[in-house]
Amino acid sequence: MNSVRDYFQVLRAIIWKDLKMEWRNRELISGMLMFALLMILIFNFALELESHTSAGLSAGVLWVTLIYSGAIGINRSILSERENNCLDSLLLAPTDRSAIFFGKAVGIWVVMLAASAVLLPVYSMLYSVFLLKDGFFLVIILGTAGYALAGTLLAGMSAQSRARDSLLPLLLLPVTFPLILASVKTSTGLLQGFALADVQTWISLLVVYDILFIVLGLLLFERIVEE
Amino acid sequence: MMKQSKWLTVLDVITGLLFLTALCLVFFFTPEDAMMGAVQKVFYFHVSSAWVGMLAFFLSAISGAGYLIKHNRIWDHVSESAVEIGLVFSVIGIISGSIWAKPIWNTWWTWDPRLTTTAIMVLIYLAYRMLRSGVDDPDRKARYAAIYAIVGFLSVPFTFFSIRLFRTIHPVVIGLSESGGGLNMDTVMVRTLVFCLCTFTVLFCTFLWHRINLAQLTETVDELRFMSEEDK
Numbered sequence: 001m002n003s004v005r006d007y008f009q010v011l012r013a014i015i016w017k018d019l020k021m022e023w024r025n026r027e028l029i030s031g032m033l034m035f036a037l038l039m040i041l042i043f044n045f046a047l048e049l050e051s052h053t054s055a056g057l058s059a060g061v062l063w064v065t066l067i068y069s070g071a072i073g074i075n076r077s078i079l080s081e082r083e084n085n086c087l088d089s090l091l092l093a094p095t096d097r098s099a100i101f102f103g104k105a106v107g108i109w110v111v112m113l114a115a116s117a118v119l120l121p122v123y124s125m126l127y128s129v130f131l132l133k134d135g136f137f138l139v140i141i142l143g144t145a146g147y148a149l150a151g152t153l154l155a156g157m158s159a160q161s162r163a164r165d166s167l168l169p170l171l172l173l174p175v176t177f178p179l180i181l182a183s184v185k186t187s188t189g190l191l192q193g194f195a196l197a198d199v200q201t202w203i204s205l206l207v208v209y210d211i212l213f214i215v216l217g218l219l220l221f222e223r224i225v226e227e
Numbered sequence: 001m002m003k004q005s006k007w008l009t010v011l012d013v014i015t016g017l018l019f020l021t022a023l024c025l026v027f028f029f030t031p032e033d034a035m036m037g038a039v040q041k042v043f044y045f046h047v048s049s050a051w052v053g054m055l056a057f058f059l060s061a062i063s064g065a066g067y068l069i070k071h072n073r074i075w076d077h078v079s080e081s082a083v084e085i086g087l088v089f090s091v092i093g094i095i096s097g098s099i100w101a102k103p104i105w106n107t108w109w110t111w112d113p114r115l116t117t118t119a120i121m122v123l124i125y126l127a128y129r130m131l132r133s134g135v136d137d138p139d140r141k142a143r144y145a146a147i148y149a150i151v152g153f154l155s156v157p158f159t160f161f162s163i164r165l166f167r168t169i170h171p172v173v174i175g176l177s178e179s180g181g182g183l184n185m186d187t188v189m190v191r192t193l194v195f196c197l198c199t200f201t202v203l204f205c206t207f208l209w210h211r212i213n214l215a216q217l218t219e220t221v222d223e224l225r226f227m228s229e230e231d232k
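Chains as they are written, first to last, in my numbering: chain A, 1 to 227; chain B, 1 to 232.
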């Protein structure tokens with residue numbers, strides 16, 4: 001019983017530390033938002049988006065923006081633990097190391113959600129697409145959760161390599177392909193006016209994918225950080 | 001100098017003979033497809049290459065798990081070797097598929113589930129190679145490679161399923177296709193296909209054995225170099 005309490009204490013402490021740090025310097029979110037806005041701007045001209053864009057294109061642009069800015073956030077968040085050997089101190093915590101994994105993943109997830117909370121209304125305004133629907137929130141929550149989980153797991157490895165930041169997208173994108181596809185398809189369906197029940201298969205795919213990475217994190221993160 | 005095992009030499013010869021037989025079967029003893037003509041002959045090696053690609057990646061995930069559990073470097077050698085061979089055969093599968101697709105589908109490439117999944121699989125294992133070359137510490141390299149081999153392989157069925165939700169035009173060879181997209185093969189064709197599949201599996205084993213030997217030699221060289229540097 002005690003060990004379960006310890007586990008959640010470590011988990012909570014890490015999430016709290018990350019969010020507090022983020023609140024003070026706003027390093028991740030400002031970088032991510034800046035990047036996202038630039039992407040939307042560039043997409044506007046690269047794809048010649050009109051102010052009334054088709055649903056399929058909107059979902060695609062939105063997810064590509066989220067994914068790339070997410071990769072930037074994940075990289076920064078994990079590399080910040082490498083600086084000053086913070087990770088080594090975290091590893092001293094007397095509990096299962098997957099707590100560190102989930103702590104970092106939830107931290108990144110919350111920041112990604114916060115970034116989406118700014119991005120969605122801005123996008124809705126710029127392109128006159130109404131994105132703020134309940135179903136849409138569900139997709140964003142599930143999609144970013146899977147991305148944060150997979151990203152945290154793989155960033156633990158890429159941060160230790162010589163290439164550091166540039167390796168993460170190469171490792172992450174092919175593995176998260178099904179997640180990205182499912183998120184885009186669900187979003188497109190919802191924007192075209194389908195109900196949640198119509199895109200149920202895609203939602204289940206997102207849920208199963210999230211569960212897979214929770215299990216993989218539980219089993220494998222320990223082996224990434226061990227020395 | 002490590003001498004090549006006698007059994008490996010025997011296997012080399014057997015593989016060579018099997019391969020020649022497979023070529024003869026495909027070109028001289030199997031009828032041409034009534035609809036597609038000569039180009040259909042690429043099918044035997046195309047399916048076999050794709051099969052070896054899948055088998056190799058599966059083996060790399062299994063041996064990755066083996067390494068994480070047993071900590072024995074041999075598992076890492078198997079995983080690394082399987083990935084390299086799998087990459088080569090997957091690319092052969094894609095290229096031979098394109099050669100077949102051009103006259104039949106009138107395009108080199110379609111975004112069909114199987115094609116796209118294979119392409120993404122190739123990208124995953126290229127990333128695996130980059131991860132390996134980016135990490136210096138041998139123990140860490142083996143651990144990370146094992147983890148990525150497992151994560152990468154598990155994502156493959158998801159990729160396939162997600163693209164499958166779109167419609168597919170790739171024929172279903174194994175199992176009955178209800179949509180009529182399957183190939184109608186006579187028994188000689190089936191026999192040749194099975195023979196080619198077996199030949200390619202043996203070919204894979206031969207390559208794997210050679211490549212594992214190479215990996216072990218590389219490791220010995222690295223150790224010797226490390227020791228000589230320490231002596232200085």
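Derived from the structure by calculation, the hints contain no laboratory data.
All values derive from a computational prediction rather than experimental measurement.
A portion of the hints provided could be inaccurate.
As the list claims (entries may be wrong) - Derived lysine to aspartate or glutamate pairs resembling EDC-like cross-links, with alpha carbons at most 20 Å apart:
| id | chain 1 | residue 1 | chain 2 | residue 2 |
| --- | --- | --- | --- | --- |
| 1 | B | LYS141 | A | ASP165 |
| 2 | B | LYS141 | B | ASP186 |
| 3 | B | LYS70 | A | ASP165 |
| 4 | B | LYS141 | B | ASP231 |
| 5 | B | LYS141 | A | ASP210 |
| 6 | B | LYS70 | A | GLU226 |
| 7 | B | LYS70 | B | ASP137 |
| 8 | B | LYS141 | A | GLU22 |
Claimed, not checked - Label-pair restraints from in silico Cβ distances:
| id | chain 1 | residue 1 | chain 2 | residue 2 | range |
| --- | --- | --- | --- | --- | --- |
| 9 | B | HIS71 | A | SER89 | 24 to 32 Å |
| 10 | A | GLU27 | B | ASP12 | 54 to 62 Å |
| 11 | A | TYR68 | B | GLU223 | 39 to 47 Å |
| 12 | B | GLU223 | A | SER89 | 30 to 38 Å |
| 13 | A | SER89 | B | LEU165 | 17 to 25 Å |
| 14 | A | THR201 | B | CYS24 | 26 to 34 Å |
| 15 | B | GLY16 | A | LEU79 | 46 to 54 Å |
Glycine is no exception: its CB is placed at the ideal position from the N, C-alpha and C atoms.
Verification of the hints:
1. Among the hinted pairs, LYS141(B) with ASP165(A) is consistent with the structure: their alpha-carbon atoms are about 17 Å apart, no more than 20 Å.
2. Proposed proximity of LYS141(B) and ASP186(B) is contradicted: the alpha carbons are some 49 Å apart, above 20 Å.
3. Restraint check for LYS70(B) and ASP165(A): not satisfied, since their Cα atoms lie roughly 31 Å apart, outside the 20 Å limit.
4. Our distance criterion of 20 Å between C-alpha atoms is broken by LYS141(B) and ASP231(B), whose separation comes to about 25 Å.
5. For a cut-off of 20 Å, the pair hint linking LYS141(B) to ASP210(A) is broken: about 26 Å separates their Cα positions.
6. The suggested pairing of LYS70(B) with GLU226(A) holds, with an alpha-carbon distance near 15 Å, which does not exceed 20 Å.
7. For the hint linking LYS70(B) to ASP137(B), the alpha-carbon distance of about 19 Å falls within 20 Å, and the restraint holds.
8. Proposed proximity of LYS141(B) and GLU22(A) is contradicted: the alpha carbons are some 32 Å apart, above 20 Å.
9. Between HIS71(B) and SER89(A) the CB atoms are about 26 Å apart, so this pair conforms to the stated range of 24 to 32 Å.
10. The hinted range of 54 to 62 Å is satisfied by GLU27(A) and ASP12(B), whose Cβ atoms lie roughly 58 Å apart.
11. Checking the proposed 39 to 47 Å range against TYR68(A) and GLU223(B) shows it holds: the Cβ atoms sit about 42 Å from each other.
12. Look at GLU223(B) against SER89(A): about 33 Å separates their beta carbons, and that is inside 30 to 38 Å.
13. Under the hint 17 to 25 Å, the C-beta atoms of SER89(A) and LEU165(B), about 45 Å apart, miss the expected range.
14. Distance hint check: the CB atoms of THR201(A) and CYS24(B) are about 47 Å apart, inconsistent with the given range 26 to 34 Å.
15. Taken as a hint, the range 46 to 54 Å holds for the pair GLY16(B) and LEU79(A), whose Cβ atoms sit roughly 51 Å apart.
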